[in-house]
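Enquirer: Spelled out from the first residue to the last, the chains are:
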Amino acid sequence: MKSLLLVLMMGAVVPGALAQETDAFSHIGPDPKTGNEIFIAIGEFRSSPEKAWQVALEAARDGLGVWLAARPTPVRNPPNLSEMLRLKIVPDTREPLSSQEENIDTGPNGSMVRYSVQVTVSPDHLRQFRSKDRLNTGTWAMLGLTAMLMLVASFFRLDEMTRGYLTAILGTGGVLLALTICYILWSR
Amino acid sequence: MKFTYRWGQRPLDGFAIKRGLGIGGFGEVYFAVSDGGKEVAIKLIRGHSDIEVRGIANCLNLKHPNLVHLYDLRVDSQGNRWLVMEYVLGESLAGILAKNPKGLEPAQAREWFLQTARAVQYLHDHAVVHRDIKPANIFIENGIVKLGDYGLSKSATASQIGQSSNVGTIHYMAPEIAGGNYTRQIDVYACGVMLYEMLTGDVPFRGETWTEIAMRHQTELPDMSRIPAGWAPIVAKSLNKKVAGRYANLDEMIRAVLEQTPGPGKTGPSAAGILTKVTGVVPMILTEADHFDPRRPTTQSKIVTTASGPIEATPSLVYVPVSPSWRARFAELCTSMILTPAIGLVTAAIWGLWNRSVDWNTVGPCFLMTVLIAWTVLIPAKLWENSPSWTLMRRLVLAAGGVLLGVVLYWLEGGLMPQIVRANDSPSIADDPTWLFGTLRLAPEAMSVFRGHVLFFALALGLLRWWLATERRRTERFSFFPMLVAATLGLILMIFVGPMGHTPRNFAAIALTGAAAAVQIVSPWIAPARTTSSFRRRFDPNSRTGTRA
Chain C
1 MKSLLLVLMM GAVVPGALAQ ETDAFSHIGP DPKTGNEIFI AIGEFRSSPE KAWQVALEAA
61 RDGLGVWLAA RPTPVRNPPN LSEMLRLKIV PDTREPLSSQ EENIDTGPNG SMVRYSVQVT
121 VSPDHLRQFR SKDRLNTGTW AMLGLTAMLM LVASFFRLDE MTRGYLTAIL GTGGVLLALT
181 ICYILWSR
Chain D
1 MKFTYRWGQR PLDGFAIKRG LGIGGFGEVY FAVSDGGKEV AIKLIRGHSD IEVRGIANCL
61 NLKHPNLVHL YDLRVDSQGN RWLVMEYVLG ESLAGILAKN PKGLEPAQAR EWFLQTARAV
121 QYLHDHAVVH RDIKPANIFI ENGIVKLGDY GLSKSATASQ IGQSSNVGTI HYMAPEIAGG
181 NYTRQIDVYA CGVMLYEMLT GDVPFRGETW TEIAMRHQTE LPDMSRIPAG WAPIVAKSLN
241 KKVAGRYANL DEMIRAVLEQ TPGPGKTGPS AAGILTKVTG VVPMILTEAD HFDPRRPTTQ
301 SKIVTTASGP IEATPSLVYV PVSPSWRARF AELCTSMILT PAIGLVTAAI WGLWNRSVDW
361 NTVGPCFLMT VLIAWTVLIP AKLWENSPSW TLMRRLVLAA GGVLLGVVLY WLEGGLMPQI
421 VRANDSPSIA DDPTWLFGTL RLAPEAMSVF RGHVLFFALA LGLLRWWLAT ERRRTERFSF
481 FPMLVAATLG LILMIFVGPM GHTPRNFAAI ALTGAAAAVQ IVSPWIAPAR TTSSFRRRFD
541 PNSRTGTRA
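From first to last, the protein sequence lines are chains C and D. This note's numbering puts the first residue of the first sequence at 1, with every later residue one more than the last. This note's numbering puts the first residue of the second sequence at 1, with every later residue one more than the last.
One chain only, chain C, in its complex shape (with noise of 0.2 Å):
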């Protein structure tokens, strides 16, 4: 309980703190030396340590997506969970200086646990979330072009065959195609 007044606390005086924040992730603020956001997270109650940890990591994913996308330059694809482990987003192992642990007692039944995460990201994961998200982007223009070259280049291939007996036709159809083509692009 101390812990989460405290993660309460920090929340509350982080300035700025933004729309999207829920109770479950808040955004503590910049550590002023190293210049990576901070925040926490917190799961939910569960029966067993590894359950609330699992939770407290999700929660710590799904916030951190919500964050990423709010962004002045948005990152429309998150990392997963294990890439956020890998990255050091989020601590790898339930150490008692990066998440909190806090325990109820329910009676008969034994105690329920809930963790809290810190989620620490780098101007560095901020760098490679946007281009992986840009990497995206720009695999699939290139997919897109590269359609739309095998299109121009078909009408033509086939023009020459029909020796122009078809050019409306081809035509037609290949501004068609071509339209489909960006819709489906663009629907992405």
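If you're looking for bench data, these hints aren't it; they were derived computationally from the structure. Heads up, the beta-carbon is just placed ideally off N, CA and C, and yes, glycines get one too. Check the hints yourself; a few may be wrong.
Claimed, not checked - Partial list, derived from the structure: chain D residues whose beta carbon lies under 7 Å from chain C: (1) T335; (2) N361; (3) G364; (4) V403; (5) E413.
Since chain C is already given, all that's left is putting chain D on it; use the hints.
Expert: Just chain D now, with coordinates in the frame of chain C:
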């Protein structure tokens, strides 16, 4: 050059244009269909005098199985002259020679020559000198060789040794043309050159300029060591510098070929079969040309001879090489660009092996950059295909493309993009540490990375002559040398650009190398003909012997 008319237009009453076939110094040729459904080729005749057009008109009634038929000479509503002729749906000899850079089999060359020579002899019998015999004007359709483009022909009367325009392709021009001599003998010489080319894959005289080629035609002896046995005396005689030393007419040359180079015989394949061995065209018509007697007089011959008037001197025409149309080049560019990602994937796979990772976040940027670099080279190179070689301008354009590539890679790597701010937001924007250019601002920590990326690619593309690797007539289809140069430059730039800005990750050099390979592999290539060094021409005894023979 663009075609004047496009699909569906009807510049000539009764014919709808389907597509352009070719553009050259002679005019524009289109594939068209008449209102009745007849497929024809129509040629918009430009830059020809009335007398020359009258010469074309004289050819309208010539009929020979090996000649492209001319149907009509028409004038459109704007006063332009159009020649309506047979549409030959077949490949040209030039195209076949391009596919066979070492020349054709002697039996195939023989059939091509015989059918062409019969057509030319027929023209001569009707007092017409073709003057532009070359592989690009010879086609094959259903196993029959067709000689076309005798729109540039001159009717030759008894006084045909006159003045005319200096037309024709320089590689096939007889030495006496320099003196304005346009006798039938220039066709004999051109047939000799063509025969030489069919047998060796190369014309006898090459040079950097027209003057050099023309000079060689007048002074040098061709390298006869490459001519197969039995053919050398025929080719040597037809290429004699002196008119008197050549065959008197093509009929004599045809007889020499028939005597000295026996054909396949009764049990061998037919002439059409031999020709289709090269072209793959299914023969549908028997080779009537084999039995056609070119000396047989026709009623038209008299009319033609008497109708032809004196030939006036006209200014020299500049020979414009026929290049692929913009449609063909655009289609080529699209195909090249479509194929590039395949090479990009190979490059990315190499980068993945190096990093022992198949994660798209690792190999993806390498793939995208390889493709983008190659595209940045391919697009302007295609535009420059027929333009003068201004190296500095080309370097600057590629460097500008490199700047864009640098920005793209910076963006791909997740860098913070520059933002536009209003000038009055800051009292002195130039003193602002975030100032980039104009009203563009960039975070100070990103400035070095941005500068490094842009500088790296601008130099990488601007310092090398990338377009050489895309040239249609490059020496080799694929060479490791450009890759080596690109890789070395990439590494050098990483060392030297480093102090000026944060250079891209290592894959940039790999991507440059991959792009150097990609532009070569995907660019169209015409195999250069075999050339003989001047040393060999001078000292090879076989060469001299062959020539004298």
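Enquirer: Now tell me if each hint is right for this structure.
Expert: How the hints compare with the structure:
1. T335: Constraint on T335 of chain D satisfied, holds at 5 Å.
2. N361: Holds: closest Cβ of chain C sits about 6 Å from N361 of chain D, inside 7 Å.
3. G364: At 5 Å from the nearest chain C Cβ, G364 of chain D passes the 7 Å test, so the hint holds.
4. V403: Violated. Min distance 18 Å.
5. E413: 5 Å, holds
Of the numbered hints stated above, the single one contradicted by the structure is hint 4.
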